[in-house]
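Peer 1: Protein sequence lines correspond, in order, to chains A and B. First residue of the first sequence? That's 0 in numbering that gives the first Met the number 0, and the numbers climb one at a time after it. First residue of the second sequence? That's 0 in numbering that gives the first Met the number 0, and the numbers climb one at a time after it.
Fair warning: there could be bad hints in the mix.
[Claimed, not checked] Within a straight-line C-alpha distance of at most 35 Å, the following computed DSBU-like cross-link-like pairs (lysine-lysine) qualify:
hint : chain 1 : residue 1 : chain 2 : residue 2
1    : A       : 443       : A       : 243
2    : A       : 123       : B       : 459
3    : B       : 183       : B       : 243
4    : A       : 459       : A       : 443
5    : B       : 295       : B       : 183
6    : A       : 123       : A       : 243
7    : A       : 243       : A       : 295
8    : A       : 123       : A       : 183
9    : B       : 459       : A       : 126
10   : A       : 443       : B       : 126
11   : A       : 123       : A       : 295
12   : B       : 443       : A       : 126
13   : B       : 123       : A       : 123
14   : B       : 123       : A       : 443
15   : B       : 126       : A       : 123
16   : B       : 443       : A       : 123
17   : B       : 123       : A       : 459
18   : A       : 243       : A       : 183
Treat the hints as calculated values from the structure; they're not laboratory data.
Number of protein chains: 2
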Amino acid sequence: MQAAQSLLEFAARSGVRACFANPGTSEMHLVAALDSAPAIRPVLCLFEGIATGAADGYGRMLRQPALTLLHLGPGLANGIANLHNAYRARTPILSLIGDHATYHRANDPPLASDIAALAQPVSKWLKTAATAEDLVALAAEGLDAARRDGPAALILPADIAWSEVAPRAVSVTTPPPADASWTKCIDDAARSLGPTAVILLGGRFLSSRACAAAERVAARTGAQVFVETFPTRMERGAGRARLKRLPYLSEMAVALLAHAQTIVLAGAAEPVAFFALPDRATRLAPPTTRFIELVKPGGETEAALEALAEAVGAKTGPISGAELLAPLPNTDARLDPMGFAQVIAATLPHNAIVSDESNTLGLYAFDAAAGAPPHDWLTLTGGSIGQGLPLATGAAIACPDRRVLALEADGSALYTIQALWTQAREGLNVTNVILNNRAYAILKLEMMRTGVSAQTEAAKELFDLDRPSIDFTSLAAGFGVRGERVSTLHGLAGALRRSYSISGPTLIEAMF
Amino acid sequence: MQAAQSLLEFAARSGVRACFANPGTSEMHLVAALDSAPAIRPVLCLFEGIATGAADGYGRMLRQPALTLLHLGPGLANGIANLHNAYRARTPILSLIGDHATYHRANDPPLASDIAALAQPVSKWLKTAATAEDLVALAAEGLDAARRDGPAALILPADIAWSEVAPRAVSVTTPPPADASWTKCIDDAARSLGPTAVILLGGRFLSSRACAAAERVAARTGAQVFVETFPTRMERGAGRARLKRLPYLSEMAVALLAHAQTIVLAGAAEPVAFFALPDRATRLAPPTTRFIELVKPGGETEAALEALAEAVGAKTGPISGAELLAPLPNTDARLDPMGFAQVIAATLPHNAIVSDESNTLGLYAFDAAAGAPPHDWLTLTGGSIGQGLPLATGAAIACPDRRVLALEADGSALYTIQALWTQAREGLNVTNVILNNRAYAILKLEMMRTGVSAQTEAAKELFDLDRPSIDFTSLAAGFGVRGERVSTLHGLAGALRRSYSISGPTLIEAMF
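Start from the sequences and build out the full structure, keeping to the hints where you can.
Peer 2: Below you can see the structure in the form of structure tokens.
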């Protein structure tokens, strides 16, 4: 059989079920080999940033790697921004990047470039296939690395993909036992907790049980709990723990952590500013704070937090916070950020998945939705915009029985708007809400924070999106997705409910 | 003054007139400093691939570097695919890539990554600013490198951009004299020319004079002339030399070069296959061919070719080929590639600029347009799709008095469709023709060439764009650009003439 076929058959046996692709000539044998691995669903994306972002959403939800299929250096490059977010999220993904045939590289054909250099910054594991015989073993190694650490990338020269190999039995590896090194510092952490302590939660998946345990620890000890600013995935909603995220604005985070003599890190890294600004702190905790790393960044937190709860005598206890919201008032008031958040929360369907790239306008949505029916919340882990629509697309492929809600700022939406087409093609249950304020509002805020007036001529030229206005419903129609425009709270609620009642994707353009 | 200001004031003094931008927080001081350099026009692009592709089109036409303004690693990454094309074209561009403040890097904030690793594969020159004092000298070096070799990149940490520096006089350098090393091999080349010789033309700019000289040499000596498969920019049309490009399909190129005992390279590299395919040649000339490098790849060809013409006794002579086309028949026939090409050629306005990413359907357009009024032709130099609309956008900024015609395949258009908005915003005279066959037709062809049937299930899933059909006129409307759909030759001709008669951008969706 061809090596490409052996690779994909092995991936299917290992549990891979989706391949987000935009292939080219150097990947033709991989495309052909997909027929030998019918368990793997090929999903065409119009741009590689859609493919990698979708693989991120898929991996966050299923906690199993999807494949991406990318075409040489430029195809990879188009996917790097969303691989960066997945790298920060540590999402399991195995990218297959086609390369020129090994003997053609020295000819330096037009599409040649240093693929490994481009892939390294966004790969927890990166190898180039050197022989057809070792390809399956390499794929096994890459899939293991992806499950363990996050995005992995395998560069596959075309002549290796098309080589004939003898079928070879490579065992699917079983996952290693969960890291339990936290047992060593449970006592230290338990002793340190009190009113001057903070627990900072992170990791690839903040389960409702992990969050509940952290909340019980806080209730018992007087410590405060925060979730890292941009969690990968968090189970929450009515009946679950009501946890706050550490604010994005560093000055607010500094104030909240000012009392922290101890910070227990559970899957999160030491909190730092998103950007340095003149004369402001970049490390957000006081310099005297003692850090206890209970679970390393990205690690599994549930068992550690439940053990910690038991250690402080809070093995069980009531959930403090979130309750179901009151019914939504029927109001024709124009959209505003707080009202928007309330409508989102009040209409959210049970078991929804929220892909949140709503930036400034969506500021209140997370807190408001704490009382909405149980749901998962996914955020912009790496700060690389253009994540939200692809992430929603992949999450919907992963979880066809759940409604996905993408809360998407206009400027960010325009990075990867082509995701709508894949949603239409695959009939995905995604409700895309575009928060349209006709500006990169975050930049106006950031420019003031850097100490520069946001009223310079160039800033006006570069921060506003209103000349001409962008019509997102037309864009949606162009990609085969139903769209409607709303400008009142009542209109938004109606559009959301209509969207949730039908299958397939919709777009709601929320005019602020 | 702030270092950012010193940098942009110097760039303006050096002749920089445009900055294609999608900035973020780490570039705020550069945005503010643009007000100090009003000669530099800030052009907002909705995605960095638009910014870099536009800088490529701008640089190809004006032969002067524009700036791009990119946000950290992910912003750069989004621009890499079109920088790859510019790298292959050797277009003068200076990219300014904002980075985190130097003292913040060790904190590994979410948006941090190895920017230099990402930039290296697409940069002829790459440096990271280390001090505010040296920033202007570094910019001078980068601009020189861009003019001489092609895309240059300067990584600028935020704290260096916002540092105060004393104004410092750095001289604008004068360009070095043109490389005249070709004088040494003129005699050798002249002696070698005859019916078994081929002249292969390339370089950053194939002027009509360079092409005419090559044609006179061919007429005198019996040698054949080809232009490299994907020339950066070529002046051509009625009254100018009618030169053929070396075909993209390697089997055709091999046949055309089979007789070549000598190939004189004038600005082009030795011809190689775009992709390796099983059992096919990757070097297109016979192994016994002798190569004479008259002008190195990317070099200036005009003086060398005129000297060569003089050396073979062809200093003057008639232009052989291209004549004005006969009037277009008024036909309601449905669009087909040959008819399409004739309509494009017959309606092309005087002095147009054609950005050609028409791929399979546009195959005949180049040859047909040889008889159209004089124009420039720009091609997909690096094979990284999604170039055409951004390239057209930048060419239109560079040459506001000329009509730009983008011939754009549907699949490629969808990579960077956001370029339409910048065209609308800036009121650019671009006619965007989308060749819509609802497929990645090139992949079907390539799959057959690789020896695999294009009828596999996965291939059907991954090569077709017809489920759902994409409505490009809706997409255009969404971005503020007038659009219309045509399906006959007559309809296309009318739409083109309407488009050429009004100012501002239009989109014509040509249904095949």
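Peer 1: Next, verify each hint and record whether it holds.
Peer 2: Verification of the hints:
Taking the CA atoms of residue 443/A and residue 243/A, the gap is near 25 Å; set against the 35 Å cutoff, the hint holds. With a C-alpha separation of about 33 Å, the suggested pairing of residue 123/A with residue 459/B holds against the 35 Å cut-off. Proposed proximity of residue 183/B and residue 243/B is supported: the alpha carbons are some 28 Å apart, at most 35 Å. A hinted pair counts as satisfied when its Cα atoms are at most 35 Å apart, and residue 459/A with residue 443/A qualifies at roughly 9 Å.
For the hint pairing residue 295/B with residue 183/B, the CA-to-CA distance comes to about 13 Å; that is within 35 Å, so the pair holds. A distance of roughly 29 Å separates the Cα atoms of residue 123/A and residue 243/A; the hinted pair therefore holds under the 35 Å criterion. Under the criterion of a C-alpha separation no larger than 35 Å, the hint pairing residue 243/A with residue 295/A is consistent with the structure, at around 20 Å. A C-alpha spacing of about 27 Å is found between residue 123/A and residue 183/A, which places the hinted pair at or below 35 Å, so the restraint holds.
The suggested pairing of residue 459/B with residue 126/A holds, with an alpha-carbon distance near 30 Å, which does not exceed 35 Å. Only pairs whose Cα atoms come within 35 Å are accepted, and residue 443/A paired with residue 126/B is accepted, the gap being roughly 29 Å. The hinted pair formed by residue 123/A and residue 295/A meets the criterion: a straight-line CA distance of about 16 Å does not exceed 35 Å. Annotation: proposed proximity of residue 443/B to residue 126/A holds, straight-line Cα distance about 29 Å (limit 35 Å).
Restraint check for residue 123/B and residue 123/A: the C-alpha separation of about 28 Å stays at or below 35 Å, so the hint holds. Of the pairs offered as hints, the one joining residue 123/B and residue 443/A holds, with about 34 Å between alpha carbons and a cut-off of 35 Å not exceeded. Between residue 126/B and residue 123/A the CA atoms are separated by roughly 26 Å; this keeps the pair inside 35 Å, and the hint holds. Using a Cα cut-off of 35 Å, the hinted pair residue 443/B and residue 123/A holds, with the two alpha carbons roughly 34 Å apart.
The hinted pair formed by residue 123/B and residue 459/A meets the criterion: a straight-line CA distance of about 33 Å does not exceed 35 Å. For the hint pairing residue 243/A with residue 183/A, the CA-to-CA distance comes to about 28 Å; that is within 35 Å, so the pair holds.
Checked against the numbered hints listed earlier, the structure breaks none of them; every hint is satisfied.
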